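Trainee: Each chain is listed here by its residues.
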Amino acid sequence: MKPDERIEKAIHQQLSDEEWANFQEEVIKDETLRKAYVEAATLHGSLAASRDLLPSLLAEKQDLNPSKLKSLPWAIAAALVLSLIAVLAFRPEKNQEIVATLSEATNARWAGSELPTNKGAELSVGTLQLTEGMATLQFESGATVTMEAPATVEILSKMNCRLLEGSVVADVPESAHGFTIKTREMEVVDLGTRFGLTTSEFGHSHVYVFEGEVEVHRSKDEHPGEAQRLLTGNALHIGETTGPTGDEEIDRRSALDTEEGGWIPFPTFVGRGKDGYIRQDGSTDTKANEPLLMVKHTSLAPGNERRTVLTFDLADANLSEVIDAKLTLETESSGLGFSAMVPDSRFALYGVIDDGLDQWEETELLWQTRPEFSAPELSERSFKRLDEFEIKRGATPSTIEIDSRHLLDFLKSNKNELMSFVLVRETDELDKQGLVHAFASKEHPRSRPPTLWIRKNPTSAR
Amino acid sequence: MSEETPEPSAESYLVLLNENEKSLAAYVHTLVPNLADADDIIQSCKIVMWKHFGSFSEGTNFLAWARKIALNQILNYRRSEKRRDRFSQNPAFVESIARELDSQTESPDRRSEALHQCLQKLPDAHRKLILLRYYEDRDIGEIAILTKRTDSAVYRLLSRVRASLSDCISNTLSPSAL
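Chains as they are written, first to last, in the working numbering: chain F, 1 to 462; chain U, 463 to 640.
Everything labelled a hint here was simulated from the structure, so no lab data went into it.
All figures in this text were calculated on a predicted structure; none of them were measured in a lab.
Worth double-checking, as some hints may not be accurate.
[To be verified] EDC-like, lysine to aspartate or glutamate: derived pairs with alpha carbons at most 20 Å apart: (1) F:K35 with U:D629; (2) F:K456 with F:D344; (3) U:K530 with F:E215; (4) F:K29 with U:E562.
Looking at chain F on its own, in the form it has when it is part of the complex:
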């Protein structure tokens, strides 16, 4: 075949698949062929772009002045009006077309939803809020999106959805390449793959490619035309954990005033109380003032190992009268990692026996500056393992309550008023992108901070 003919055939898509693939390869490599092709394609492009005008341009009558029509002001005005209609007509509209099916639901519980939530339900455009368990959406395009509670997904079309909060794992077959999931921070376009995406209300989004390739467009990008490609094993994190915006002030009094059943709360913000977490990444930025306290155990990516340190000031409590104690933590979505990659997880709470270790500062709390807290095995001389608890995979945010005899004994035996604890996860992850567990800190805008509760003998209480 002569090169010339191939160009013509390429432009009119008459080459066989194989010929076309070879032709493209050659055009990439061969500058002469490329220039010839571009010249032909450019002409084709100009003709195609003008094709509505062709009948008038090519009319038998030679005297038609083609520029006459263009110069008429009303023609421009009319074109503007038509374009305006075209633009305004494009408004997202609710339509009842079925775009997905709720194909699987495991221990799923849903918040009030505008869409049906029974297994097998046919879903149109709308929002689904999963509060517990896991659920899989099978899109008509072939893509499947598995939601891990808590997660909120807005179904936009067969090829689009928006992740408002939480984590999803998307599996996209070839038929659905181009399937797009949006978050506040980014837009992830699938190019044939399995990927996970997670986002949190604190404004970070994290995408991880298990297999294949995705393209990420940052929604805040100045240049919407630019995109970032991620391949298997690549991850991208956008947004840092930021504190409350200031719109919502933390109501600290309410936490203090709530005495339930004689329980007196001592949250970490009382007195010299403090909370923070350390991460084995060599970073010199402390995690002071973050709304979330993170905990993770991993042998796959040691830099992601995280532990939380808590100190409560019990100066106002008369410890000798205490008959009961408990510690509560509110679990939160960290927006980092995926539940699917971590089994049900066991956590251990250690009490700090060495009173010298109560004197840490949030602004200097780092993995490397606090070897006592970061030691692979916490020393038995300075720490006592008080209790353990489990967080199930895909569990909804809830309150963890640690209420053991050992905790009370620990408080009673402590010689000063500062009670410190280290929280570690003992369960390892299955993949480097396993979930990071998080708990509300005292900076969290809504949730109760870590709180130590004590109950006194009723007769001795005033």
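Knowing the structure of chain F, use the given hints to seat chain U on it.
Mentor: Same frame as chain F, now just chain U:
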């Protein structure tokens, strides 16, 4: 949609779009030979451009901005295509063509003006062919039947028409050739 551009910018968007629409369409059609695919892409470009119009700084080159968005739409489209047409483009191919187009210097407006003049100089048989192929969107096989030619004769003819139009356009654009 989360980031809607305030309405006052609608007018300036439409003016810019109107001025550049044809050049943008020519760009997309050059990169995407399939007419229907290119039309879909042009439509989605207009929507994306409208959504992101806030990020366009007025006074800078609108067409360059639009082409950047279009190229991205093209690269994405290849994969989102639901028709499962056997015709698919290699992204490296698209990018190499796009680079070549970026190095072209003549203004697309002058090019299109020249094309319009040159079309009027075509002999009738050639005009008919152009109309069948582009206006009526007929494929080569159909044109062959309608014009009682063989497929390869249609190619050769199209190729000749293209060559003569190309020559005419470069003569019109470059004064030295007059």
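Trainee: Now look at each hint and say whether the structure bears it out.
Mentor: How the hints compare with the structure:
A hinted pair counts as satisfied when its Cα atoms are at most 20 Å apart, and K35 of chain F with D629 of chain U qualifies at roughly 15 Å. Of the pairs offered as hints, the one joining K456 of chain F and D344 of chain F is violated, with about 35 Å between alpha carbons and a cut-off of 20 Å exceeded. In summary, the hint linking K530 of chain U to E215 of chain F is supported, as the alpha carbons are separated by about 16 Å, within the 20 Å threshold. Of the supplied pair hints, the one linking K29 of chain F and E562 of chain U holds, its CA atoms being roughly 13 Å apart against a limit of 20 Å.
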